[in-house]
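Q: Chains E and L are the protein sequences, given in the same order. Going by my numbering, the first residue of the first sequence is number 1, and it counts up by one from there. Going by my numbering, the first residue of the second sequence is number 1, and it counts up by one from there.
Please note: incorrect hints may appear among the correct ones.
The list treats identical chains as one, so a pair stands whether inside a single copy or across any two.
[To be verified] As a list, the in silico SDA-like pairs of lysine to any residue whose alpha-carbon atoms are at most 25 Å apart:
{"#": "1", "residue 1": "K294", "residue 2": "K546"}
{"#": "2", "residue 1": "K189", "residue 2": "D94"}
{"#": "3", "residue 1": "K520", "residue 2": "F370"}
{"#": "4", "residue 1": "K397", "residue 2": "D472"}
{"#": "5", "residue 1": "K193", "residue 2": "M1"}
{"#": "6", "residue 1": "K86", "residue 2": "R163"}
{"#": "7", "residue 1": "K533", "residue 2": "H56"}
{"#": "8", "residue 1": "K90", "residue 2": "R163"}
{"#": "9", "residue 1": "K356", "residue 2": "S328"}
{"#": "10", "residue 1": "K142", "residue 2": "R509"}
By construction, these hints were calculated from the structure, which means they are not laboratory data.
Protein chains: 2
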Amino acid sequence: MKIGLAQLNYMIGDFNGNFEKMKSAIEKGIAANADLLLFSELSVCGYPPRDFLEFHHFINECENVIHKLAAVAGNKIAIIVGAPSKNPTKHGKDLYNSAYFIEDGKVKFMAHKALLPTYDVFDEYRYFEPNKEFNLVEFKGKKLAITVCEDIWDTGETNPLYRINPVAELAKLQPDILINLSASPFNYKQAAKRIDVIRRNATQFNLPVFYCNCVGAQTELIFDGGSVVMNALGELIDEMPYFEECIRFYDLASTVEGRRSTVDNQQDKSPTKLIHDALVCGIQNYFQKLGFKKAILGLSGGVDSALVMVLAVRALGKENVLSVLMPSQFSTSHSVDDSLKLLENLGSPHKIIPIKEVFDVYDKILQPHFENKPFDVTEENLQARIRGNYLMALSNKFGYILLNTTNKSEAAVGYGTLYGDMCGGLAVLADVYKTQIYEVCNYINKDEEIIPTHILTKAPSAELRPGQKDSDSLPDYDVLDKVLLEYIEHHQGPDEIEQLGFDEKLITRILRMVNRNEFKRHQTPPILRVSPKAFGSGRRLPIVGKYLES
Amino acid sequence: MKIGLAQLNYMIGDFNGNFEKMKSAIEKGIAANADLLLFSELSVCGYPPRDFLEFHHFINECENVIHKLAAVAGNKIAIIVGAPSKNPTKHGKDLYNSAYFIEDGKVKFMAHKALLPTYDVFDEYRYFEPNKEFNLVEFKGKKLAITVCEDIWDTGETNPLYRINPVAELAKLQPDILINLSASPFNYKQAAKRIDVIRRNATQFNLPVFYCNCVGAQTELIFDGGSVVMNALGELIDEMPYFEECIRFYDLASTVEGRRSTVDNQQDKSPTKLIHDALVCGIQNYFQKLGFKKAILGLSGGVDSALVMVLAVRALGKENVLSVLMPSQFSTSHSVDDSLKLLENLGSPHKIIPIKEVFDVYDKILQPHFENKPFDVTEENLQARIRGNYLMALSNKFGYILLNTTNKSEAAVGYGTLYGDMCGGLAVLADVYKTQIYEVCNYINKDEEIIPTHILTKAPSAELRPGQKDSDSLPDYDVLDKVLLEYIEHHQGPDEIEQLGFDEKLITRILRMVNRNEFKRHQTPPILRVSPKAFGSGRRLPIVGKYLES
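Model the full assembly from the supplied sequences, consistent with the hints where possible.
A: Here you go:
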C-alpha cells in the first residue's frame, strides 16, 4: 500500500483556492499510484477558521468542497480530509472537528476529534462537541485508526488534561496504522516535542504513524509542517521540511513495516534558526495572503528595526521593502549612519524625513495648553507619533503594509508609544525577547556582516530625549528577560520567581509593569507567534484589575 | 430562615478590596439576623479573572480570602461564596468553578459548576473541569441545591448546548431551595431572558429560586445586577436594582413560601434606557477601577461624540470631561457651533485647537515623497491622526483617559482611521449601531434639549474633504444597520440575508467590508458590550482570510 502526505498551505475561508490546491495533490497522488492520500486538520477551510464556524453558509461551503474532492478522487485513490461536520444529534455543540475518509468517491467513514484543545491560542470547545465513540475503518486489508491532532497528545503524563486517551481506545480495536491529521502551530520548542509525542504513540501501541500537518502562516499563527512518518519501533522514517509545502509518498511494506531505516535529512532545529525561518514565513504569508507586495518600516538605527528589515527583505525581496529614517534633534549621528550602512548591505530603497519641523509646530500649538508643565513623556510620545504618521501616510498613499518593530521585552513592560512605534499591520518581533533578538542577528551575521556590528554593540536607546538609554527606565535586558520568561512562559508567580533567586523588589516592579500595560497590548497589531506563550490570542488577561499591581 | 443576597461590584484580582467589601456584607447580614448570605460567582477574585487563573499564586490568594471570610462569618451566619477550587484528582483541568458553602466558620460543602460556557465572551472550559456529580447540602432543615450561573440555563430547549441538565439532576434529590451564584454580563436583551430562565427553573422543578448576580463593569463586560428572588410558582418576589450594589434580606417563610406576592418596583427595561445606563456604568467603573478621574474627547459636531460627551458627564461629572474641538479647513461652521451649544448645555470645559497649521507642514514635508499622487484617503487619515495626536498629547500631559467615539456601524465596515479617530482608552459606543445612537440621544433629550437638535438632524459627515457625507462611502445607515444586525448578531450568511429581502450586491458589499476590516478592529480600544454580540473578545475572526471577500 502506498500512502501519501499532502503538507499544504491553506487560506482560511478560500474554498475555491483550497479545493484547487487539494485537487492538484490528489492528481499527483493518482499519478504516483498512491492508494491513500492524507491532508491536514480542517484543510478544506483552513485552520483556525474561528467564528466563521458559526455560519451555516460556511459549513455548507465546507461540505461542498468535500463532495467535489470525492468526485476528483473517484475510485482512483482514497483520501482523508479534515473538515467540520454537523453533529447529527440535538445535544451538545452543533459541530464536530472531523476527518472524512473518502473511498470510491464516497464518504465511507468519519472520525471526530475527541480531545479539543481549549487553552493558549486554542478555542476548540467553543465550536466543537468532543467525540466519545471510537471505531476503525478497514482499507485494503489494513485497519486504520484515524485521529485528529490533539487526540494523540494525551500520552499518559502524571497530570493529563483529559479524562480519556483516544489512541488507547482505538488500540483496543487492534488497528494496523495510526493516522493523525494535524494543524499544529509552531513554536521554537514544538518540533522536538512533536516527534517525541509521535514516538510515544508508536512505541506504546506498537503502531506505525502517519502524521500530516499543514504549513504556512495564518496571521499570528505559523504552521511549520514537519509532517512525520514513523515505524512501530519509534524510528523516524521521514520528517518533511519545515515552512514549505511538500507532498511525498511512502510504500507501507518497504519503508514502514519490517525494515529499520532512519531519516538522513536532519534539519537544523536550533531555536534561533527556527525563529528566523518562522518569522520570514510569517511575513511572507501575511503579505501574500492579503495580496500585498510591499512593506514599509521605520529604521531607527537600533537592533529591532534592523532585524525586521533583514527579515522583510528575505521574505519580500529587497526592492519591496522601503525603510524610512526619521531623525529628531535627539537622534545620535550613528543612528542614521548605522541604518545607511545596513541599507547598503541589503540594497533596499530608503527615505530620510526628519521630524523636527513638525514637532516644533505641534509644540508651538500645544504649549499654551500645557500650562507650563515641563518636557515629559508627552513630548517623547509625540515624536514617536509623528513618525507613525509619516509611515502610515506613505503606507496609505502607496499601498504598503507597515511592519511594527516592537520586541517582546518592550511589549511586556509597555515600553513603547501607542499610535507611535506601536503602529503597524504586523508585529514581527513582539514574541521575541530583546536578548533573543541579538541571537537571531548573530545568526544572520554568521557568515558575513549583514547587520553592522555597531548596531549590535551599542546600548539600546529610544533617543526621545537627550542622552536617553533604555537602562534609564528598565532593568538590564539580561535580567528583565529572565523574569519575564518565568512570569509569561512558565506561569510562575512572584513567590515562585523569588525562589529562583531574583530580587523581590525587582520582581514586583517588573510584574506590575507587565500587568499595568495590558491596555497597550490590547491595541497592538497581530504578533507573529514563535514561543510557547505569545502576547495575543494565547494570553488573555483583564485590562482593568489589581493583581500584583500595588 | 432569613436569606440575604449581596449584589456587589468586585475588582478583578483585588483580594484585599474584595475581602473588605464581602466582610462588610457579612457584618450587615449578622446585624440583620440573617441565617445565610449569598455572594456571586467567583466573587473573591472578580469575574472574569481570565488567565490569572493559571497562576498558583492567584488560586492561593483566593483560598486565603475564603479562609478569612469563614473566620468573619464564624458561627453567626452561613455564607455561600464563589471562588475557583483545585481539582483534587489528576485528571482533567486543574480547577473547578465552585460555590463554597461555609457554616460554623468551615467549608462544609462545595458545588462545582457543571456547564461551562465557552462561546461569545466566555472561555470557561479554558480553565475549569466540568462537574459531573450532584449533591445537596442540608442547612437548618432545608435542602439546598447550589448551582453556578450557566448551570440553570439549560432549560430543555430543542437544541441544548449541553448533554446534562444540572438542575434536573439536583431535583432528583428533592431539594427545598434552588440557589444560583452568577456573573452574568449585561446585554440589552439579557434582563428579560434571565427572568424567563429563572421562572422556567422555578416552575419546572417547583422550587423557590435565590439568584445572586454581581454588578459593575470589568473593562468591556458590564454586569447589571438585577438579582432575583422567585417563588416556586414562578412569581417574582424581588428583582434588585440594575447597575448598583445592593444587599437585601428575605424571610423564607413569609416572602417565598406559601403566600403569593409580586414585585412592585418594575424597572424601566426598554433597550434604549438600559443601553444608556449600562454605558454610564461602563465609563464610571473603567475610570474608578483604574484610578482615573478625568476624561478627554474630541468633539466633532456629530452625533457620536455628542453622545459620548453626555454619557461621560453623567459618569464622571461635568468638570471632569474636557472636550477638544479641532476644526480643519473642511469643517463646516456648524460643527463648532453645534458643539459649543452642547457644551453650554452641559457646562463642561473645552479647548479649540485647529489642525490646519500642522496639516500644512505635514503636507509640505510629505508632498515630495508622494510622487504627485492626488489627494486621497491618505490626507483624510492624516487629519484624523493629527487630532489623535492632540488628544493623546493632552491626555499624556494631564493624565486624562481619551474616550473613543466610534460607533458599531463604522467599526463594522472600517469607516474610521487607525491611530486617528480610532484612538482611545475605551470605546464607548462601538457596540451601538448608528441608528441606535439616535435613539439613545432622543432618550437623553426626552425632557429637555441637552443635545442640540441640529446635531440629530444634519446628515452624518466625517468632514475630511469638501462637502463629504457618510452616504458617499456607505449605504444608508437604516439599511446598513439591518444587514449588519443579521450578519453580526444573528449569524446569518449571505444567502439567508438575501432571503430576508435585501439586495444581493448590497449584501456582498457590506459583508466584504466587515470581513476586510478585521485588521482595524484588532487594534481598537476595549469596547463596552451592550448587545448580545459585540466586537471584541466575544467575536473572534481571522484577520487574514478570504471568506465572503471576493
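Q: For every hint, state whether the structure bears it out.
A: Do the hints match the structure? See the list:
1. K294 to K546: between (42 Å within a copy, 20 Å between copies)
2. K189 to D94: between (34 Å within a copy, 23 Å between copies)
3. K520 to F370: within (24 Å within a copy, 31 Å between copies)
4. K397 to D472: between (37 Å within a copy, 20 Å between copies)
5. K193 to M1: Neither: 29 Å inside a chain and 58 Å across chains, both beyond 25 Å.
6. K86 to R163: Close inside one copy (24 Å) and across copies (16 Å); limit 25 Å.
7. K533 to H56: between (33 Å within a copy, 17 Å between copies)
8. K90 to R163: both (24 Å within a copy, 9 Å between copies)
9. K356 to S328: Cα proximity of K356 and S328: in one copy and across copies (5 Å, 22 Å).
10. K142 to R509: This pair counts as neither: shortest intra-copy Cα distance 61 Å, inter-copy 50 Å.
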